[in-house]
Amino acid sequence: MNSEKIFPIFLIVFASISLLIVTSIVISLIINSYPIFLRDGFSFIFKSVWNPVKEDYGILPALLGTLISSAIAISIAMPLAISLAIFSAEIAPTSIRGFINSVSDLMASLPSVIYGLWGLYVLAPILNQYIMTPLHQYLGFIPLFSTKPIPTNLFTAGVLLAIMITPFSSSIIREAYNAIPHHLKEAAYSLGMTRWEVIRTLLGYIKSAILAGAFLALGRAMGETVAVAMVVGNTFTLPRSLFDMGYTISSLIANQFPNAEAYSYMMPALYSGALVLFTIGLIINLAGLYWIRRVVTRG
Amino acid sequence: MRTYTKYMAVVAAVVVALISVFILSYFWIPTERIGSQRSTTTTIATTSPTMRVTTTLSGVVNGAGATFLNPQMQAWASKFYELTGGRIQVNYQSIGSGAGQAKFREGVLDFAGSDPPLKSDIYNEFKAKGGIIQFPVIIGTIVIVYNIPSVESGKLRLTGEVVAKIYLGEISYWDDPAIKALNPDLNLPHEKIIAVHRSDGSGTTRVFTAYLSKVSEAWKSKVGSDFTVSWPVDELGNGVGGKGNEGVAAAVKQNPYSIGYVETAYAYSTGLAVALIRNRDGNYVLPAKEAVASAAKALVKVLPKADEDWSNIFPDEIIDPPGKESYPLTSFSFVILRQVYDDPVKAAILNEFFKWVLTEGQKPENILEGYDPLPPEVAAIGLDGLKLLRTG
Amino acid sequence: MRLNKRKIIDRLMLGIISALAIASAIPIFAIAVNVYSEGARYISLNFLIDLPPPPVGGGGGGIGPALVGTLVLVALALAIGGSIGFFTGLYLSEFSHTRLAQYTQMFLQVMVEFPTIIVGLFAYMILVAPLKRFNALAGAIALSIVIIPYIALNVREAYKSIPYTLKEAAFSLGVSAPIAYLRILLSAARRGVLTALLIGLAKAAGETAPLLLTILGTTFTYFGGLDQPINAIPLLIYNFALSPYEKWHQVAWGAAAVLLTIILVIFIVSRLIIKEVKV
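Residue numbers (our numbering), protein chains in the order written: chain A, 1 to 299; chain B, 1 to 392; chain C, 1 to 279.
If you're looking for bench data, these hints aren't it; they were derived computationally from the structure.
The structure displayed is predicted, hence computed values, not measured ones.
Incorrect hints may appear among the rest.
If you want the footprint, here are the derived chain C segments under chain B, 3+ residues with CB under 8 Å [as the list claims (entries may be wrong)]:
1. 48 to 55
2. 107 to 120
3. 216 to 224
No more than 20 Å apart at the CA atoms, straight line, and that leaves these computed lysine to aspartate or glutamate pairs for EDC-like [claimed, not checked]:
4. C:7 x A:261
5. B:165 x B:191
6. A:54 x B:360
7. C:132 x A:261
8. B:222 x A:197
9. C:167 x A:4
10. A:54 x B:121
11. B:214 x B:325
12. C:7 x A:55
13. B:346 x C:227
14. C:132 x B:307
15. A:185 x C:246
16. A:54 x B:125
17. C:167 x C:246
18. B:222 x A:4
19. C:275 x A:261
20. C:132 x B:217
21. A:185 x C:227
22. B:220 x A:55
23. A:148 x B:235
24. A:47 x B:191
25. B:324 x B:308
26. C:5 x A:261
27. A:148 x B:191
28. B:297 x B:316
29. B:220 x A:56
30. B:289 x B:384
31. B:297 x B:384
32. A:54 x B:217
33. C:7 x A:4
34. C:132 x B:106
35. C:132 x B:342
36. B:127 x B:308
37. B:220 x B:316
38. B:253 x C:246
Note that beta-carbon positions come from the ideal geometry of N, C-alpha and C, so glycine has one too.
Next up, chain A with everything else stripped away, as it sits in the complex (with noise of 0.2 Å):
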């Protein structure tokens, strides 16, 4: 009988110990970034420049480019992931399904410095050839595709990214749809459904599945650093079209703070970014929140 009583408090303990770590985190981001605030305001977010001679920094290339660069991740990855889920769970063989799944997990380990070698050496030069320069060419009176592309940019980082990020939201799409009891799917079968029917139909049965999967790979992609460090392009400019060169928040953060204390106010300047990074995740998930409520919560 205790235990009926001990075993929540026990898990509400643990799942304090996370809220706990997170907050004290976000609690130092505050207070090391304080001083940039106290000296600019909140103009510094707004502002492009990046001059450390004179101790100005401004971060809104580098916000521009996380969100451009993650929006272009996220659309190249919710599909491939939501694919690779569904193949490995129905379309696939039995026998090869363990180890497309295991693979696929694996690349969750990959070294970030070993993607964006691949990144620099491999990708870029193939998305430069066969994408980029042909949609500048044709299509290039399209903002979009206005700025003539140098291998390393946005778009680069954007799709090196998705390749990254897949492997997380596929893998908890995939459980979740394993998790499916057997007797929906044999009634929607039942019923007459083709196959993409009753897929769809299930899809639908895992939506919060598929939402956190978005947000897993969507976290993902905005914080990461050494990869896009390296395919980004890294020209402290307002982003004017998907081919342009820029930076991320995160990346930023990995190319300076090797030096950064050796200035006054750069460590405050990144530790913001870090901050205006979480804030932005917050806003995101919110958003999430309320859009879940209105529409699944429905059905």
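The hints should help you fit chains B and C onto chain A, whose structure is shown.
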């Protein structure tokens, strides 16, 4: 109970699997030796006349800092480990000069490696607590690399002012009159120059921009010199930022008609074309051994002592030295120690190791490609400074 | 007529799904093949045990200290992060209506977004600076913090996917709560939980940034104690791969191949043992 036996089974299976993988890989897969050398690790390299180190000390010291210094430091540490029969272990990690100095100040490192010498505020802080010892341990050079399909390596001539103008955005095309004037016999195309620079804060950028500041007033006032600077070419759309020397080298290789700056070792390992730079005396030079030695010798007179504050002479006083053969983009890398250590063994180890570094370590067989040894007069600065090590 | 149209759409969509799946698998397999073709040739018993070589010259060389370090750090990180993550995930699933659960879930989802360097800086602040020494424990803690959100969110989904009928049945048996959740329902959710732990394991084994300012990275020490610096494979790869020396490149690729092999073996073996749940 069933679940526990299952877990044991998992563990056992994993162990068995790993062991079988090791055995398999040892016997079945044809293995290549790293570096394709079959020498055993117990012999001291027979070709090296480096003397065996006679010391009975034993222990570990931990240092960190400049990335540039890392490969050479690892080479030294490995050699020293061998020579002391595995008793003295020197660990070094590249976390950046700024981080190295900061962690050194916080007391978590026994020594720091840094491209620029200790900042003056940290220097003063330590002065009150017993003082520091800082000295150059190695010389490094930077090369200008380029990717012009019609121009081979070692054929392009550039001056500091022209390079500054390129990175300022004032010279945008390869066939600009200024470049043509320096290279009358080259066929320079009418193509836009893509100027590649570092995206991460680095000592290489600091030295490079110090050089540009010295030779160009416009650069000095508009941009300045630092680990990272605000590159004018970025705003014009002609700049590319590469992460690390690797990134810059890759960017230059991938983008025709580009120019960049890297540590010398990277230019040779990636096969990039290297430019001739005009030195103060008017000669066009590459960073050959003699050019670098000449540069270093010219500097000996201006260098302070190991326990003094170097922050105001570096790198501006050191870059672009005089001398007929001197290579302009030459600079030092530093090691920073405290004068006072609680642990006498640590102090003794640091003394032995860095004494070796400044003497035997400067011999040609112990210097890696891409680095250059200190002239004995410069090494003497460190040797003198080490005498200040004490326990307290 | 209508049947034909649905059949066409069916074939079409299945084709598209398969194409997309294969498209997503291609880069994944391509990178894996690339790593193996570059690195597998250097794997040998010596490679796994020896000290790292100097950039040029010297004898063979290996990744001994880094391998030992990774094993130690990952085991610790999985123990700490895995347990915190598992129980947090369980709480998030079964008590999802409470405010604590809602806040925690949201914050954990945002936590995934943090550049892992920040986590490393945080671990430095709380564990390295006070101790005045870089140490392995700080690295393990940093890794734990990184993997907690992944494990928690995956475990949450795993438990949420258990059909309500099963849950009702479990509780109607009259067993205590711990036994219900940890024996019966865990058995039902075991594949999902396993995936959660494996993803956590993979992440912990491959992360570089949290280790930079916590463990320092040793060249010669295999394991000096939890309060001393230690090395790890991702750190070694990071240093060696970005250097200009061919020998170090070879070691980096070999190390990557070793890492992938170990992880892959653990994955395949554990998936074979923990059987799928057919509901």
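Against the structure, the hints come out as follows:
no. : hint          : verdict
1   : 48 to 55      : holds (count 7)
2   : 107 to 120    : violated (count 0)
3   : 216 to 224    : holds (count 7)
4   : C:7 x A:261   : violated (64 Å)
5   : B:165 x B:191 : holds (16 Å)
6   : A:54 x B:360  : violated (42 Å)
7   : C:132 x A:261 : holds (18 Å)
8   : B:222 x A:197 : violated (64 Å)
9   : C:167 x A:4   : holds (16 Å)
10  : A:54 x B:121  : holds (18 Å)
11  : B:214 x B:325 : holds (19 Å)
12  : C:7 x A:55    : violated (65 Å)
13  : B:346 x C:227 : holds (18 Å)
14  : C:132 x B:307 : violated (24 Å)
15  : A:185 x C:246 : violated (55 Å)
16  : A:54 x B:125  : violated (24 Å)
17  : C:167 x C:246 : violated (58 Å)
18  : B:222 x A:4   : violated (71 Å)
19  : C:275 x A:261 : violated (51 Å)
20  : C:132 x B:217 : violated (45 Å)
21  : A:185 x C:227 : violated (54 Å)
22  : B:220 x A:55  : holds (16 Å)
23  : A:148 x B:235 : holds (15 Å)
24  : A:47 x B:191  : violated (32 Å)
25  : B:324 x B:308 : violated (30 Å)
26  : C:5 x A:261   : violated (65 Å)
27  : A:148 x B:191 : holds (14 Å)
28  : B:297 x B:316 : holds (16 Å)
29  : B:220 x A:56  : holds (17 Å)
30  : B:289 x B:384 : violated (26 Å)
31  : B:297 x B:384 : holds (18 Å)
32  : A:54 x B:217  : holds (17 Å)
33  : C:7 x A:4     : violated (53 Å)
34  : C:132 x B:106 : holds (8 Å)
35  : C:132 x B:342 : holds (13 Å)
36  : B:127 x B:308 : holds (10 Å)
37  : B:220 x B:316 : holds (11 Å)
38  : B:253 x C:246 : holds (18 Å)
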